[in-house]
Amino acid sequence: MTGNRNRLINAALKLHIAACVIFIFAPILGSFVFSLNSDRFPSLPLGHFSTEWYRLIWEDPFVWAGFFNTVVVGLIVAVIATVLGFGGAYTDFRYNFFGKNIYLALALLPPTIPVVIMGLAMLAFLSRVNLSGSTISIIIAHGVMCSPFAMAIIRLRLSQMDPDLEAASWNLGGNEWATLRHVIIPFTKPALFAALFITMAVSFDEFAVAWFVSGLNETLPVKILGFLQGQVSPRINAIGSLAFVSSITLIILAQMLLRNSSKDKS
Amino acid sequence: MTMHMNTDAIVKLDGVVKQFGTFTAVERVDFEIGRGEFLAIMGSSGCGKTTTLRMLAGLDDPTEGDIWLDGERVNGKATWDRDTPMVWQSLALFPFLTVQENVEFSLKMRGVGKTERIARARNWLDKMQILEFADRNISQLSGGQRQRVALARALVTEPKILLLDEPLSALDAHLKVRMQAVLSSLQKDLGITFVYVTHSMSEAFSMADRVVIMSRGKIEQIGSPQEIYHAPRNRFVAEFLGSSNIFTGRLVEKSGDDWLVETVHGRFAVTASNAPAKSLGDAVTFTVSAENMHISPGGGDTPGIRAKVVGEEFVGATAIVFLETETGEELKVQKSHVELTSVNLHPGSTLNLHWESHSCHVLPGE
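First to last, the sequence lines map onto chains R and F. Everything in the first sequence is counted per full-length UniProt numbering, starting at 1 for the first residue and increasing by one. Everything in the second sequence is counted per full-length UniProt numbering, starting at 1 for the first residue and increasing by one.
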């Protein structure tokens with residue numbers, strides 16, 4: 001089944017999709033093009049091709065510091081969020097208990113809270129326990145925000161599992177820990193990796209909460225805001241392009257893992 | 001309670017009850033399973049047969065009563081500490097492991113070294129005639145091949161007992177018959193106990209040494225297929241087997257084993273051999289199996305029951321004719337096609353049904 005039978009409707013639908021994609025990606029593409037343009041201001045006609053702005057950010061220690069913070073936070077957050085998400089998802093898969101719906105609602109709540117509220121709340125709480133303004137505070141805040149994503153992905157995978165598999169493993173001599181290690185984790189492995197990549201991408205791009213709690217240990221998105229407040233520099237285009245490429249790579253990797261895993265679910 | 005553990009019994013269930021919340025899945029079950037016996041537990045869905053099997057496996061714990069396995073009381077003993085492998089209705093093969101790794105699994109869980117593990121797994125794959133698929137993924141196998149993997153995986157530890165939960169229900173009819181033969185000969189060769197849960201009478205009766213019929217958490221009858229078929233204990237079993245006509249009435253005359261029973265269809269002579277003691281006026285329920293019914297053109301004052309033909313079902317060399325009496329009860333007659341040509345079998349036509357008194361079986365449990 002490809003397309004609509006009416007050719008006019010078919011063409012209009014295709015045009016609609018194309019328009020959506022263009023609206024979403026045009027600014028990003030623009031930023032990419034201007035990052036390679038020699039002119040100081042983003043205007044047409046374009047100047048000549050230049051990697052000047054990339055060279056500048058390459059040589060800027062502040063950008064490097066921000067990038068370093070982002071990567072460290074992203075890696076640690078990905079691991080913490082995936083472990084927490086797996087725990088949440090497995091609890092849901094395995095147990096029935098009083099108040100389970102409330103438990104699920106709470107576990108999946110963080111992404112629905114406006115980030116400004118979340119950031120303020122985190123700042124208020126973390127400063128009270130003397131953790132604000134440190135890298136740990138960003139890790140804690142991002143861990144809270146990212147684990148629901150991991151939990152959603154892993155829950156989806158567990159829902160594809162024949163519940164008899166776990167009981168079969170117990171019956172064949174595997175105790176609960178051995179079964180977790182030899183059956184549940186191998187079965188959810190693609191989702192675990194997908195969760196690692198997606199939570200890393202979410203942490204990479206997250207600005208608002210990080211801005212509230214980061215203090216002097218700014219991540220890259222917070223740095224970018226700093227640049228914008230001072231002056232409009234094409235360096236931002238260069239940083240933005242790099243950030244986009246790394247995020248989209250993580251998302252595509254996660255998608256590929258999830259797609260392959262749902263094929264061999266039987 | 002004192003235990004009289006039959007030395008020949010490998011399993012003993014003693015007053016076993018299983019409740020899930022307020023729902024009673026199994027209501028006081030007592031029976032023994034002999035060493036090397038092929039026992040089928042049969043019943044419709046929700047009768048407690050699978051729960052009974054899961055309690056033997058250690059996947060559910062009885063609420064009351066004791067389960068003895070090979071002389072040891074196993075209440076509360078985790079399934080991974082027992083050697084009671086199960087073949088699942090869904091097969092529950094691990095999709096992320098190869099065929100051989102699936103079979104190795106329980107050896108790996110028990111800490112058997114790699115070399116020995118592989119040798120034993122391959123030996124079982126060979127016995128089940130699927131060695132050539134050892135390195136395949138489960139998704140690349142046919143239904144029958146998967147069945148063999150599931151059997152090899154369960155038997156690789158050489159257990160004393162194998163539990164099977166409707167293992168053939170997903171197979172095509174012709175494969176089912178083939179796998180029944182495989183299971184029967186496997187059980188005889190290994191000499192181990194098979195406990196086989198099914199809702200299919202043909203599976204239970206063709207393979208099992210003894211059959212347990214359950215309904216609503218209780219045992220209705222235990223016996224060999226022959227015993228159950230020829231002498232159902234009560235109305236439930238007779239109806240469940242579906243091959244008999246059931247009549248209820250009162251005992252009006254009695255001379256030794258020769259009884260006369262008055263029913264809505266008239267008075268019938270019943271040879272009550274092996275029947276429980278009854279006195280005049282007692283309710284009597286007896287069955288006549290469909291193949292022992294005789295059929296003749298209706299009309300006149302031939303003795304027997306007059307009934308209208310409502311339909312006919314083709315069963316190989318025979319046919320089952322369904323008829324309805326004037327009082328609205330359904331009766332059935334199973335005859336060869338040759339015998340049926342002598343009567344007028346159009347739907348709506350009236351026929352006469354009769355039988356010999358010695359074809360009657362009095363239900364002792366009614």
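Source of the hints: derived by calculation from the structure; they are not laboratory data. Since this is a predicted model, take the numbers as computed values, not measurements. Incorrect hints may have been included.
Pulled a few chain R residues facing chain F out of the computed Cβ check, cut under 8 Å [as the list claims (entries may be wrong)]: (1) Asp60; (2) Pro61; (3) Ala65; (4) Leu120; (5) Ala121; (6) Ala124; (7) Ser159; (8) Asp162; (9) Leu165; (10) Ala167; (11) Leu172; (12) Asn175; (13) Trp177.
DSS-like cross-link-like pairs, simulated, lysine-lysine; straight-line CA separation at most 25 Å [stated by the list, open to error]: (14) Lys77/F <-> Lys160/F; (15) Lys189/R <-> Lys77/F; (16) Lys108/F <-> Lys189/R.
Cβ coordinates follow ideal geometry from the N, Cα and C atoms, glycine included.
Hints, one by one, checked against the model:
1. For Asp60/R, the suggested interface contact is broken, since its CB lies about 46 Å from the closest CB of chain F, more than 8 Å.
2. Proximity of Pro61/R to chain F is violated relative to the hint, the smallest CB-CB distance being about 46 Å (cut-off 8 Å).
3. Taking 8 Å as the C-beta cut-off, the interface hint given for Ala65/R is violated, the closest approach to chain F being about 42 Å.
4. Given hint, Leu120/R at the interface with chain F, is violated; its Cβ is 44 Å from that chain's nearest Cβ, farther than 8 Å.
5. Among the interface hints, the one on Ala121/R is violated; its C-beta lies about 40 Å from the nearest C-beta in chain F, farther than the 8 Å criterion.
6. For Ala124/R, the suggested interface contact is broken, since its CB lies about 44 Å from the closest CB of chain F, more than 8 Å.
7. Of the supplied interface hints, the one on Ser159/R is violated, with its beta-carbon coming no nearer than about 15 Å to a beta-carbon of chain F, more than 8 Å.
8. The beta carbon of Asp162/R comes within 5 Å of a beta carbon in chain F, closer than 8 Å, and the hint placing it at the interface holds.
9. Because the smallest distance between the Cβ of Leu165/R and any Cβ of chain F comes to about 5 Å, under 8 Å, the interface hint for this residue holds.
10. A distance limit of 8 Å between C-beta atoms decides the matter here; for Ala167/R the minimum to chain F is near 6 Å, and the interface restraint holds.
11. With a least beta-carbon distance of about 4 Å to chain F, the hint placing Leu172/R at the interface is held under the 8 Å criterion.
12. Checking Asn175/R against chain F: minimum C-beta separation of about 5 Å stays under 8 Å; hint holds.
13. For Trp177/R, the shortest C-beta to C-beta distance to chain F is roughly 10 Å, which exceeds 8 Å, and the interface hint is violated.
14. About 17 Å separates the Cα atoms of Lys77/F and Lys160/F, which keeps this hinted pair within 25 Å; it holds.
15. Only pairs whose Cα atoms come within 25 Å are accepted, and Lys189/R paired with Lys77/F is rejected, the gap being roughly 31 Å.
16. A threshold of 25 Å between alpha carbons decides the hint, and for Lys108/F with Lys189/R the separation of about 20 Å falls inside it, so the pair holds.
Taken one by one, the earlier hints fail for this structure at numbers 1, 2, 3, 4, 5, 6, 7, 13, 15, listed in ascending order.
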